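Undergrad: Here is what each chain is made of, one letter per residue.
There are 2 protein chains.
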Amino acid sequence: MPEPVDLIITNISRCATLRGAKRPRTGAELERLSIVKGAAIAVRHGRIVAVGKARSVSRKVRPKQIIDAGGRFAAPGFVDPHTHIVFAASREHEFDMRVRGKSYVEITRAGGGIHNSVRMLRKATRRALQSQAMPRLDRMLSHGTTTAEVKSGYGLTLRDEIKMLEVIRNLGRRHPVDLVPTFLGAHEIPREYRRKKNRYIELLINEMLPRVASRRLAEFCDIFTEAHVYNIKDSRRILTAARDLGFKLKLHADEIKAMGGAELAGELGAVSADHLVMVSPRGIRAMAKGGVIPVLLPATSFALGAKAYAPARKMIEAGLPVALATDCNPGTSMTENMQFVLSIACTQLRMTPAEALTAATINAAYAIGRGDRVGSLDIGKAADIVLYDAPDERYIPYHMGVNHAACVLKNGKAHGVPYAGHTLL
Amino acid sequence: MPEPVDLIITNISRCATLRGAKRPRTGAELERLSIVKGAAIAVRHGRIVAVGKARSVSRKVRPKQIIDAGGRFAAPGFVDPHTHIVFAASREHEFDMRVRGKSYVEITRAGGGIHNSVRMLRKATRRALQSQAMPRLDRMLSHGTTTAEVKSGYGLTLRDEIKMLEVIRNLGRRHPVDLVPTFLGAHEIPREYRRKKNRYIELLINEMLPRVASRRLAEFCDIFTEAHVYNIKDSRRILTAARDLGFKLKLHADEIKAMGGAELAGELGAVSADHLVMVSPRGIRAMAKGGVIPVLLPATSFALGAKAYAPARKMIEAGLPVALATDCNPGTSMTENMQFVLSIACTQLRMTPAEALTAATINAAYAIGRGDRVGSLDIGKAADIVLYDAPDERYIPYHMGVNHAACVLKNGKAHGVPYAGHTLL
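Chains E and F, in that order, are what the protein sequence lines are. Take 831 as the starting number for the first sequence in the working numbering and just add one per residue. Take 831 as the starting number for the second sequence in the working numbering and just add one per residue.
One chain only, chain E, in its complex shape (with noise of 0.2 Å):
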């Protein structure tokens, strides 16, 4: 007897599953995209309920709606792990200086950087941030992301700081793409805390991440481990309180300097470690003994037209399951599109276009604690599919700079651009 489903997705060529991926995958699992040609996938109640030939496929199930893919390629939706998409203004003047010569640093001395999106955050109303948010994750999802973590660390202060995690909550229940939301209220050293250091570390140990915790408004602790701000016993302090209140963990660590954010993130067994433009050779060995997982964010050194990016392949080679994510942010790298990263991490990492991709989905996934619900095309997870104008997965990021996402499905919904035949029955 045929099992009545809400949609089947037929005539799709070839259909990169990344199915049966019990943890991210590392080495030369990083290619294995489990290709079905010929493809059907059913969907019911927004899940998969079956992927696999077609005939097969339609042989199981009775659907109340079918999409012709056209023969087109597909793929899970893009995972991305590594956002800061809830920001009151953008910053072109400062990337108009960067290209004249100014640096990171001094951009953010001359009260740019963070510390300008901070000022701008806490004039920002809730109202504000949600509409100027909301077109950025619609970029998102016709891009092909389904899934997206976001953090907060424009505010610096309890009430802004919850502010954009009460934000980010409504923007998740407001639009398709679902977000998991990160605490990063150890961003920057806000000004009025400047030479009082300590003082603000105690209000994110002793008020701020106690009051984020009791109203579970985030699931990971994020903190900015550099030199210029948050060294490695700040941070390990910081973390371990967040730890303890059970916050997973995250690190943006070793972007501009080694100085042992990776191996911190080895040592507190965080959930993944971010941007290791500079990370170590003993950073690489700690994250691998840690169960780190390196996201890696491309796109931030291409802004800053940067000499070095960060070292996938040495990082592939010692067994670490890379991801790859936007860094989707006004000061340092603007783009919702995964697409381009992929061209990115494709040209400037060496990484291979199948890596590239389990990379940016299932990896991606595991590195946001959803590796059991998104990321692979797998029997029982989210319907989270996009269509491509693609023969494959090279042609995503060899033909860069455009969008090859014809159809992007979220939970068995399709949104955007017109696909090759959709019929109610």
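Hints listed in this document are in silico derivations from the structure and should not be mistaken for laboratory results. Be a bit skeptical, because a hint or two may be false.
[Unchecked claim] Here are the simulated EDC-like cross-link-like pairs (lysine to aspartate or glutamate), alpha carbons at most 20 Å apart as the crow flies:
(1) K932/F <-> E1147/E
(2) K932/E <-> E1147/F
(3) K932/F <-> E861/E
(4) K932/E <-> E861/F
Remember, predicted model here, so these are calculated numbers, not experimental data.
Fit chain F to the given chain E structure using the hints.
TA: Using the frame of chain E, we list chain F on its own:
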């Protein structure tokens, strides 16, 4: 008495007109965008008849049609002065090979590279080539390009080069994007002439060039001047013959090695020398002396994962009128998006957003002999205008990897995506 016009575009918050350039812009002029705030543009018979403050333009004209730009930023349509968009097959498998460590020359020697495209193009019909190129032109237009140069060079026989040039002519007649054809019979040495290069050069000079000239199928003659293809002596011989037949000249110069391509461009008074990644100080001086426009193709360096980019700042300092292009081609730069090229130019070549916009509009127009007709919003020029979902020129390269063009007008006709308001009177 108000003058009757076909169209007025009003409510432009900021308009980069780039008007008044009687020659390509150099030095500090590269940043002179001749901005009008609160602007309007009036159009008749596809040409600009008035541009300036909205109040003053409105008073002068009686329009049949109004486009409300909704406070958007407006700029001239991009001119893409170096493309190879007529080809028979994409080459994403070579992209994958390159990521795995194969060099450009290795891929070429293994039967890949240009030879691959030559093999495929010779087998393709005119109709197939045309129908494949149309969506590429659509993507160009939707990302803001309104005029483009297109090269032959995948045929390398009299018959197949003529076929390509006829396809280019047909595309230009059928698609809104205006095309400028370039003969590039000296793109490679065809396999069948591998050990008899001089015989192919004779074929180029004695048969192909005269035939292309007599049929007026190309305005420019271009050549790939590089160690593994045409050396300086070959190049001088071919280009001199082309010049004698009335062709304007272009060179692919100094991309892989500084071998005197820029110097030759200067010596022969070529309109442009393109690539120039390895150009020498002597080459820069020769281009300045010969009035040569350097056309930089940073998307190619990016796609190749090269460490080196063309020394744009040195060329600007030397007084050269730098232009930008996509180099859209299936092997080394698969992108139609000039906005993406602007992002690379700013972040990697350290051009400012204003310089990059000038390089991609008015200077690019001069690089293909169209400086008198397109590339700026001057009275009498084509009404080729892009309305951007962006506040200013800095925002376009800053917000990377997405399409900011909300409405693209070619000869005063609006194409593509929605805009704020469009009223027929």
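Undergrad: State for each hint whether it applies.
TA: Evaluated hints:
no. : hint               : result
1   : K932/F <-> E1147/E : holds, 19 Å
2   : K932/E <-> E1147/F : holds, 19 Å
3   : K932/F <-> E861/E  : holds, 18 Å
4   : K932/E <-> E861/F  : holds, 18 Å
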